[in-house]
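Here's the letter readout for the chains.
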Amino acid sequence: AQSVTQLGSHVSVSEGALVLLRCNYSSSVPPYLFWYVQYPNQGLQLLLKYTTGATLVKGINGFEAEFKKSETSFHLTKPSAHMSDAAEYFCAVTLYSSASKIIFGSGTRLSIRP
Amino acid sequence: EAGVAQSPRYKIIEKRQSVAFWCNPISGHATLYWYQQILGQGPKLLIQFQNNGVVDDSQLPKDRFSAERLKGVDSTLKIQPAKLEDSAVYLCASSSLVGGTDTQYFGPGTRLTVL
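Chains as they are written, first to last, in my numbering: chain A, 202 to 315; chain B, 1146 to 1260.
These are calculated hints, taken from the structure and not from any lab test. Built from N, CA and C at the ideal position, the CB exists for glycine as well. Misleading hints may appear alongside valid ones.
Under the rule of at most 30 Å between Cα atoms (straight-line distance), these lysine-lysine pairs were calculated in the DSS-like manner [what the hints assert, rightly or not]:
1. B:Lys1207 x A:Lys269
2. B:Lys1189 x A:Lys270
3. A:Lys250 x A:Lys270
4. B:Lys1189 x B:Lys1207
5. B:Lys1189 x A:Lys259
6. B:Lys1189 x A:Lys250
7. B:Lys1223 x B:Lys1160
Which bits of chain A does chain B cover? Going by a derived footprint, with three or more residues having C-beta under 8 Å, they are [stated by the list, open to error]:
8. 270-280
9. 304-313
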């Protein structure tokens, strides 16, 4: 069965600094991986996803993530943090099948210091 | 295009009462999902519909939770009777393709507080 671990329930960075949110997965077969963002009192919005092909995936709002099979990781990065990036971020994994379901990590709250 | 609609946005009830949530997915989306998100945790899938059939309800507490998707469009999730531990945000999502790899679009959620 697949699972997701997000390291650090809360990350705080200064505005303009590098953002790094960590995600490790466990899967017996090649997974599909996602990052979602959730702003207060809102639903989840897809930032980016990896299915097959290029391991470096670019998403919205300047975020990107790299699939590293050897490390079973899918860390999310952004070169320069903006105040509007403050939100909850969820990593998720699924296996491709008609009945597959997405398993979410427990989330990382990103705070941005002025 | 209109997003996933959910109502109500907030609901406060006492334990042992009943409550129902409504979801209207994006037009044309065949797959509909209900998630439970407890404070401080990631969303947990409760039930997945494809059109009006159930694909996965393995994590739905069937003794108190029920869901239906009549005519393969709108869906209703019901809790009867509610327990304190049901306090959570209930998220509805929809996607256009079969399976979990297509992008899921989420509604704003219904925040349930059970007193």
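The hints, checked one at a time:
1. Restraint check for Lys1207 of chain B and Lys269 of chain A: the C-alpha separation of about 39 Å exceeds 30 Å, so the hint is violated.
2. Under the criterion of a C-alpha separation no larger than 30 Å, the hint pairing Lys1189 of chain B with Lys270 of chain A is consistent with the structure, at around 25 Å.
3. Pair hint Lys250 of chain A plus Lys270 of chain A holds up; C-alpha atoms about 15 Å apart against a cutoff of 30 Å.
4. Between Lys1189 of chain B and Lys1207 of chain B, the direct Cα distance comes to roughly 15 Å. Compliance with the 30 Å bound is thereby established for this hinted pair.
5. Restraint check for Lys1189 of chain B and Lys259 of chain A: satisfied, since their Cα atoms lie roughly 26 Å apart, inside the 30 Å limit.
6. Taken as a hint, the Lys1189 of chain B and Lys250 of chain A pair is honoured in the structure, with Cα atoms around 19 Å apart against an allowance of 30 Å.
7. Pair hint Lys1223 of chain B plus Lys1160 of chain B holds up; C-alpha atoms about 14 Å apart against a cutoff of 30 Å.
8. With 0 residues having a beta carbon nearer than 8 Å to a beta carbon of chain B, the region 270-280 of chain A misses the requirement of three or more and the stated coverage is violated.
9. Coverage of the region 304-313 of chain A by chain B holds. Counting CB-CB distances below 8 Å, 4 residues qualify, and the rule asks for three or more.
Going through the hint list in order, the structure does not satisfy hints 1 and 8.
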